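Asks: Sequence:
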Amino acid sequence: MDVGGQAVIEGVMMRNKEQYAVAVRLPDDSLKIKTEKSKQFPKYFSWPIIRGALGLWFTIYDGVRAILWSSNQQLEDDEAITFKEAALTMILSFGLAIGLFVVLPFFLTKWIVSTETILFDIIDGIFRFVFFLGYLYLISMLKDVQTLFQYHGAEHKTIACYEAKEDLTVANTRKYSRFHPRCGTSFLMFIAIISVLVFMLIPGGTVMKFFGRIVLLPVVSAIGFELIKLSAKFEKNIIVKLLILPGLLLQRITTKEPSDKQLEVGIASLKAVLK
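184 is the number of the first residue of the sequence shown in our numbering; add one for each residue after it.
Keep in mind the hints are simulated off the structure, nothing from the lab.
From a predicted model like this one, the values you see are computed outputs, not experimental measurements.
Certain hints may be false.
[Stated by the list, open to error] Under the rule of at most 27 Å between Cα atoms (straight-line distance), these lysine-lysine pairs were calculated in the DSSO-like manner:
hint, residue 1, residue 2
1, K200, K348
2, K358, K348
3, K454, K200
4, K326, K444
5, K454, K348
6, K419, K348
7, K215, K444
8, K424, K200
9, K220, K200
10, K454, K220
11, K454, K416
12, K416, K348
13, K458, K217
14, K458, K412
15, K444, K217
16, K215, K454
17, K215, K348
18, K412, K424
19, K458, K444
20, K200, K416
[What the hints assert, rightly or not] Each pair of labels, with its calculated beta carbon distance range:
hint, residue 1, residue 2, range
21, G317, K419, 30 to 38 Å
22, I264, F417, 38 to 46 Å
23, T300, L209, 53 to 61 Å
24, L399, S221, 22 to 30 Å
25, K444, S323, 16 to 24 Å
26, L384, N199, 32 to 40 Å
27, I264, G395, 30 to 38 Å
Heads up, the beta-carbon is just placed ideally off N, CA and C, and yes, glycines get one too.
Put together the whole structure using the sequences plus the hints.
Replies: In structure tokens, the structure reads:
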């Protein structure tokens, strides 16, 4: 059974095609687990790219619900974050990401070279990657983010132990690497590379190229999602290994070695979703 996951606030979310489970460490040091049905799309939406776009959307949808629930477990009832507040935060975050990783690189590149050259798309892609790398490095210095990245490492180790068909114990999961080829970090690396190639195909001048980047973002994301799924089937292929290598290297920033208690959370989440 294919299982994926993500780190949440003081916990780990695991997800398969049927359901997802979130396990969190509460302020009193106890564990709390929640299980929900995974958001699914109709089987007739199974065409490539459309399947990737919808699959990515539903993965994000479940992920946001998991993060919202995990956040509220750390707060008092009167401090709980509402769905509207979470949605507003997501919209603002998305707008900030567009500004930082699309708008700013575009106009910086336009200041250097004409939009009508292939060199423009290459330099624009380099700027996007540098900004993204710098952003990850800066937020990784925050204490709360470091904890989040430890849970990210716990998620990877737990899934690796499960895929190796070993018993899910702290001692067993501890042996495995915190780096995983199908991580969302690798997905973002695929997007960075694919975006350069796709954006090269946008015709016209400045206006067309600028708005084309925003309109084609779902297409780029869908292709990246498809490639991540495909890489799982051919992960021993030398070409696939080279393609996922940058993502594995980037995980040196986005994952940290977890504690035993954090591994316990990852194991509890996976066991719950496997039920």
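Asks: Hint by hint, note whether the structure agrees.
Replies: Hints and how they fare:
1. Taken as a hint, the K200 and K348 pair is honoured in the structure, with Cα atoms around 19 Å apart against an allowance of 27 Å.
2. In summary, the hint linking K358 to K348 is supported, as the alpha carbons are separated by about 13 Å, within the 27 Å threshold.
3. Taking the CA atoms of K454 and K200, the gap is near 15 Å; set against the 27 Å cutoff, the hint holds.
4. Straight-line distance between C-alpha atoms of K326 and K444 comes to about 17 Å, which keeps the hinted pair within the 27 Å bound.
5. Between the alpha carbons of K454 and K348 the distance comes to roughly 13 Å, so the proposed pair stays at or under 27 Å and holds.
6. Among the hinted pairs, K419 with K348 is consistent with the structure: their alpha-carbon atoms are about 18 Å apart, no more than 27 Å.
7. With a C-alpha separation of about 13 Å, the suggested pairing of K215 with K444 holds against the 27 Å cut-off.
8. With a C-alpha separation of about 26 Å, the suggested pairing of K424 with K200 holds against the 27 Å cut-off.
9. With a C-alpha separation of about 9 Å, the suggested pairing of K220 with K200 holds against the 27 Å cut-off.
10. Proposed proximity of K454 and K220 is supported: the alpha carbons are some 15 Å apart, at most 27 Å.
11. Between K454 and K416 the CA atoms are separated by roughly 24 Å; this keeps the pair inside 27 Å, and the hint holds.
12. Taking the CA atoms of K416 and K348, the gap is near 18 Å; set against the 27 Å cutoff, the hint holds.
13. Between K458 and K217 the CA atoms are separated by roughly 12 Å; this keeps the pair inside 27 Å, and the hint holds.
14. Distance hint between K458 and K412 is fulfilled; the C-alpha atoms sit about 24 Å from each other, no more than 27 Å.
15. Of the supplied pair hints, the one linking K444 and K217 holds, its CA atoms being roughly 18 Å apart against a limit of 27 Å.
16. For the hint pairing K215 with K454, the CA-to-CA distance comes to about 13 Å; that is within 27 Å, so the pair holds.
17. Pair hint K215 plus K348 holds up; C-alpha atoms about 25 Å apart against a cutoff of 27 Å.
18. Proximity of K412 to K424 is assessed by CA-CA distance (about 14 Å); at most 27 Å being required, the pair is judged to hold.
19. At roughly 22 Å between alpha-carbon atoms, K458 and K444 fall within 27 Å of each other, so this suggested pair holds.
20. Taken as a hint, the K200 and K416 pair is honoured in the structure, with Cα atoms around 17 Å apart against an allowance of 27 Å.
21. Taken as a hint, the range 30 to 38 Å holds for the pair G317 and K419, whose Cβ atoms sit roughly 33 Å apart.
22. The hinted range of 38 to 46 Å is satisfied by I264 and F417, whose Cβ atoms lie roughly 41 Å apart.
23. Checked against the hint of 53 to 61 Å, the pair T300 and L209 passes, with Cβ atoms roughly 56 Å apart.
24. Checking the proposed 22 to 30 Å range against L399 and S221 shows it holds: the Cβ atoms sit about 27 Å from each other.
25. In this structure the hint that K444 and S323 lie 16 to 24 Å apart at CB holds, the actual value being about 21 Å.
26. Roughly 35 Å separates the CB atoms of L384 and N199, a value that falls within the hinted 32 to 40 Å.
27. Distance hint check for I264 and G395: the Cβ-Cβ separation is about 35 Å, which falls inside the suggested range of 30 to 38 Å.
This entry satisfies every hint, going by the numbered hints stated previously.
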